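Protein chains in written order, with this note's numbering: chain P, 1 to 332; chain L, 1 to 299.
Worth flagging that the hints you see were computed from the coordinates, not collected in a lab.
The model shown is predicted, which means the values in this text are computed figures rather than measured ones.
Any given hint could be a false lead.
[Stated by the list, open to error] 25 Å max Cα-Cα, derived BS3-like pairs, lysine-lysine:
hint, chain 1, residue 1, chain 2, residue 2
1, L, K288, P, K73
2, P, K60, P, K332
3, L, K190, P, K332
4, L, K288, P, K197
[To be verified] Label-pair restraints from in silico Cβ distances:
hint, chain 1, residue 1, chain 2, residue 2, range
5, L, P128, P, E224, 35 to 43 Å
6, P, P157, L, E207, 41 to 49 Å
7, L, Q260, P, P157, 47 to 55 Å
8, L, R250, P, D314, 53 to 61 Å
9, L, R262, P, P330, 51 to 59 Å
C-beta: ideal position from N, C-alpha, C; glycine also.
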Amino acid sequence: MELVCPAGSLPALKAAIDHGADCVYLGFRDATNARNFAGLNFDEAAIEAGIRYAHDRGRKVFVALNTYPQATKAELWQRAIDRAAHSGVDAVILADPGMMAYAVKHQPQLRLHLSVQGSATNYEALDFYYQHFGIARAVLPRVLSLVQVQQVLEKSPVEIEVFGFGSLCVMVEGRCALSSYVTGEAPNTNGVCSPPKAVRWVETPKGRESRLNGVLIDRYAPGENAGYPTLCKGRFDVGDDHNYYAIEEPTSLNTLSLLPDLMKIGVSAIKIEGRQRSPAYVAQVTKVWRSAIDSCRDNPHRYSAKPIWISELDKVAEGQQHTLGAYHRPWK
Amino acid sequence: MKLALGPILYYWPRDDVLAFYEAVAASPVDIVYLGEAVCSRRHEVRLNDWLDIAQVLREAGKEVLLSTQVLIESGADVTTLHKITANGTFMVEANDMGAVHCLEGKVPFVAGPHLNIYNLPTLQWLAPLGLHRWVMPLEMSRADLAVMQHGRPAGLQTEVFAYGRMPLAFSARCFTARHCNLPKDDCQFKCLEHPDGLLMRTQENEEFLVLNGIQTQSARVQNLLPELTTMLSMGVDVARISPQAQHTVRILELFDGVIQGRLDATTANAELLTLMPEKPCNGYWYGKPGLEQLVPETV
Numbered sequence: 001m002e003l004v005c006p007a008g009s010l011p012a013l014k015a016a017i018d019h020g021a022d023c024v025y026l027g028f029r030d031a032t033n034a035r036n037f038a039g040l041n042f043d044e045a046a047i048e049a050g051i052r053y054a055h056d057r058g059r060k061v062f063v064a065l066n067t068y069p070q071a072t073k074a075e076l077w078q079r080a081i082d083r084a085a086h087s088g089v090d091a092v093i094l095a096d097p098g099m100m101a102y103a104v105k106h107q108p109q110l111r112l113h114l115s116v117q118g119s120a121t122n123y124e125a126l127d128f129y130y131q132h133f134g135i136a137r138a139v140l141p142r143v144l145s146l147v148q149v150q151q152v153l154e155k156s157p158v159e160i161e162v163f164g165f166g167s168l169c170v171m172v173e174g175r176c177a178l179s180s181y182v183t184g185e186a187p188n189t190n191g192v193c194s195p196p197k198a199v200r201w202v203e204t205p206k207g208r209e210s211r212l213n214g215v216l217i218d219r220y221a222p223g224e225n226a227g228y229p230t231l232c233k234g235r236f237d238v239g240d241d242h243n244y245y246a247i248e249e250p251t252s253l254n255t256l257s258l259l260p261d262l263m264k265i266g267v268s269a270i271k272i273e274g275r276q277r278s279p280a281y282v283a284q285v286t287k288v289w290r291s292a293i294d295s296c297r298d299n300p301h302r303y304s305a306k307p308i309w310i311s312e313l314d315k316v317a318e319g320q321q322h323t324l325g326a327y328h329r330p331w332k
Numbered sequence: 001m002k003l004a005l006g007p008i009l010y011y012w013p014r015d016d017v018l019a020f021y022e023a024v025a026a027s028p029v030d031i032v033y034l035g036e037a038v039c040s041r042r043h044e045v046r047l048n049d050w051l052d053i054a055q056v057l058r059e060a061g062k063e064v065l066l067s068t069q070v071l072i073e074s075g076a077d078v079t080t081l082h083k084i085t086a087n088g089t090f091m092v093e094a095n096d097m098g099a100v101h102c103l104e105g106k107v108p109f110v111a112g113p114h115l116n117i118y119n120l121p122t123l124q125w126l127a128p129l130g131l132h133r134w135v136m137p138l139e140m141s142r143a144d145l146a147v148m149q150h151g152r153p154a155g156l157q158t159e160v161f162a163y164g165r166m167p168l169a170f171s172a173r174c175f176t177a178r179h180c181n182l183p184k185d186d187c188q189f190k191c192l193e194h195p196d197g198l199l200m201r202t203q204e205n206e207e208f209l210v211l212n213g214i215q216t217q218s219a220r221v222q223n224l225l226p227e228l229t230t231m232l233s234m235g236v237d238v239a240r241i242s243p244q245a246q247h248t249v250r251i252l253e254l255f256d257g258v259i260q261g262r263l264d265a266t267t268a269n270a271e272l273l274t275l276m277p278e279k280p281c282n283g284y285w286y287g288k289p290g291l292e293q294l295v296p297e298t299v
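For reference, chain P alone in the conformation it holds in the complex (with noise of 0.2 Å):
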């Protein structure tokens, strides 16, 4: 089983692969990547480091293209392919089917996974992407409960990459428009979820509000802990139910305890989150995971998430809790 962490500049890659990545994923500094922030990603001469970094010590580097192209601009994405192609990458990851049929025809020998964003949930989707364009491994989106993931990988033709650890998105991937509802840019079209620049702080009498474009997304009290206001984790009222998490409160994802189980079904790689996170972060959580990875691998029957690596993970995650999510049933 490989461990796959984000790698969101130059110095997270490298604390990625010294602290037990088997394999980074990281994206170019543009639209084409689902993490489109300013200050983050690679540039030529990075990516080129980069690769040679983690290829020297014997690990993978992949490439994540995996929003949309829109419609005036596919050459861009496309441009993406080849430069991910002529770098020497190990995989890239792609969500269109536009951008696979490209990187068919013009990169034959490049590897593809499936992205997370291609909403792939069940064998017959992930077949398809199979016959047409040859992927070799599919990202599930974090909304099936293990028995269902089970399922889907007992007819798969592919490889199956899960999400281990870190942020929780709570809709499918690839079928959220909520970010471009409130402010015109969201995880297909721009790369991004809630953008940096949507969002106000504003001090009033009732308490600190966090706005997105204007709309409020949360109140916090004085001495509350505020967080990024992602706006499908905010307060919020529905019905005769006042300022609650309506669709989900800021906690993380995190399925080491389950661990035993994903290998047992054969999950290939267990996928990290965090490409927007520091290369402290990321240290943090791929040390704890490489530990459990062996550890598991070594004597799956008396393996327990340690207490240890639980909370050194809480200390990063959001929230400072953690959730199994939809892998347990009761989540849902």
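Guided by the hints, dock chain L onto chain P, whose structure is given.
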């Protein structure tokens, strides 16, 4: 330009659904999409019932299609998908790539609005698989649609979501059940109590989103009626109306009146504004945040 009625996105009692389609059969709509696209727990109307409704609508002269579920999670969901795609009688709106895979090379199909066809390479690649019509993604602007229209393969029809609360997101979690402190597996079918979904407001009492089971919709109603002339000039083939619990047939009549030239858009729009559950929006059409309402240029 033809007028289509999208699938009912809410959970309505069986008798309400049957009465609704009886009225739809007598309405001026050309194309009707049927079926459960949101949640597999919704069983008031089952596949055989949908096929019966489809037959009646076809006999009333409508083009009828079956829509597949957008989020397929379980083995049972895949079995239902197989039944729909192999129905052998009615065309299918594919709402995920699994559905496309079941249909490709066998029968013509429609690509639903959640297939994420944002660019020409994707549209042109999908077309030879049997694509009959594609529904523009909700987020797409008029300017991007123009690019798509210019380069779309010959014979391929284009459909635009022209009216209704927009289905913006899907989740594994049921937000309606969560609101009622119930687990999804024992939701007690609370969606039945909310025929237009469950309104979610900001702490400033601003209508923001609508919880509809696992689906999250816009609270505001996408209204492109004032844009019908522009759509026509762009070669859009079909305008889609998404059903709401009240006034849907009248809304179809207003759109049809404008399309047929019997009603002017200003008059029709003035009445339409009185029939919406919430304020209108058209931001996406102008390349802006979807919730915005920009002054229509064509009225």
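To see whether the hints hold, each was checked on the structure:
1. At roughly 17 Å between alpha-carbon atoms, L/K288 and P/K73 fall within 25 Å of each other, so this suggested pair holds.
2. Proposed proximity of P/K60 and P/K332 is contradicted: the alpha carbons are some 35 Å apart, above 25 Å.
3. Note on L/K190 and P/K332: the hinted pairing holds, with a Cα-Cα distance of about 15 Å set against a maximum of 25 Å.
4. Restraint check: the Cα-Cα separation between L/K288 and P/K197 comes to about 15 Å, which is no more than 25 Å; the hinted pair holds.
5. Under the hint 35 to 43 Å, the C-beta atoms of L/P128 and P/E224, about 56 Å apart, miss the expected range.
6. Checked against the hint of 41 to 49 Å, the C-beta distance between P/P157 and L/E207 comes to roughly 45 Å, which is consistent with it.
7. Under the hint 47 to 55 Å, the C-beta atoms of L/Q260 and P/P157, about 49 Å apart, fit the expected range.
8. In this structure the hint that L/R250 and P/D314 lie 53 to 61 Å apart at CB holds, the actual value being about 55 Å.
9. Hint check: L/R262 to P/P330, Cβ distance near 54 Å, so the stated range 51 to 59 Å holds.
Consistency note: the structure conflicts with the earlier hints numbered 2 and 5.
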